[in-house]
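Engineer: Here the protein sequences come in this chain order: D and C. Residue numbers are given in our numbering: position 19 of the first sequence equals residue 19, and the series is strictly consecutive. Residue numbers are given in our numbering: position 85 of the second sequence equals residue 85, and the series is strictly consecutive.
One or more hints might be untrue.
Claimed, not checked - Pair ranges (Cβ atoms, derived):
1) Lys-111/D / Pro-61/C: 29 to 37 Å
2) Gly-40/C / Ile-60/D: 21 to 29 Å
3) Tyr-39/D / Gly-51/C: 30 to 38 Å
4) Arg-77/D / Asn-10/C: 34 to 42 Å
5) Thr-52/C / Gly-29/D: 25 to 33 Å
6) Glu-14/C / Ala-17/D: 42 to 50 Å
Worth flagging that the hints you see were computed from the coordinates, not collected in a lab. Even for Gly, the Cβ is constructed at its ideal location relative to N, Cα and C.
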Amino acid sequence: AQSVSQHNHHVILSEAASLELGCNYSYGGTVNLFWYVQYPGQHLQLLLKYFSGDPLVKGIKGFEAEFIKSKFSFNLRKPSVQWSDTAEYFCAVTPASGTYKYIFGTGTRLKVLA
Amino acid sequence: GAGVSQTPSNKVTEKGKYVELRCDPISGHTALYWYRQSLGQGPEFLIYFQGTGAADDSGLPNDRFFAVRPEGSVSTLKIQRTERGDSAVYLCASSPGVGETQYFGPGTRLLVL
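Based on the sequences and whatever the hints tell you, model everything.
Structural biologist: Right, dumping it as structure tokens:
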């Protein structure tokens, strides 16, 4: 069965620190990959996505992610976090065929200290 | 433009009651998805509509759960004989077509007492 693992459940950083959140998936075929963010009291919003092409994807608010096919990974990075990045981050994978239903990880809660 | 909207935002019901949760997708989006998010978990797929038909309902946990999308726009998720374990946030998402990025609504928080 397809699955997504986010190994860091809670992360606490100080402002200006660098961020890397891990995401690994299990699926043997072609996939589309996403990172969504949920700010406190708000709904899920798309940060970035990978469908094909350059495996280094840049998203909104300075976030980027790198798809490493050999490692089944799609880690999220940001060089310098801000207090406003405090949120929960979800990695999602969908097979690139069929119904394209998302398989989500359990999420990572990021708290950035001012 | 308007995003995905869901009503009600919160629903409290008693065990054994029937509930309906509504989703208004982004205008023109043909694909509609329902997910359920339990505390501390990521969203889990329930059902997918392409147009009016349920193309994949493999995520519905049992036959107490049913969803419709009669005119290919608004969708209603129906839960019969609710149980305490049904308490969760129910999310709706829509996309312009199958395989395209999904846009999520704010969810309906269901609490079954």
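Engineer: Take the hints in turn and mark each one as holding or not.
Structural biologist: Structure-based check of all given hints:
1. Lys-111/D / Pro-61/C: 29 to 37 Å: At 32 Å between Cβs, range holds.
2. Gly-40/C / Ile-60/D: 21 to 29 Å: holds (26 Å)
3. Tyr-39/D / Gly-51/C: 30 to 38 Å: Distance hint for Tyr-39/D, Gly-51/C holds at roughly 32 Å.
4. Arg-77/D / Asn-10/C: 34 to 42 Å: holds (36 Å)
5. Thr-52/C / Gly-29/D: 25 to 33 Å: holds (29 Å)
6. Glu-14/C / Ala-17/D: 42 to 50 Å: Since Glu-14/C and Ala-17/D have Cβ atoms about 47 Å apart, the given range 42 to 50 Å holds.
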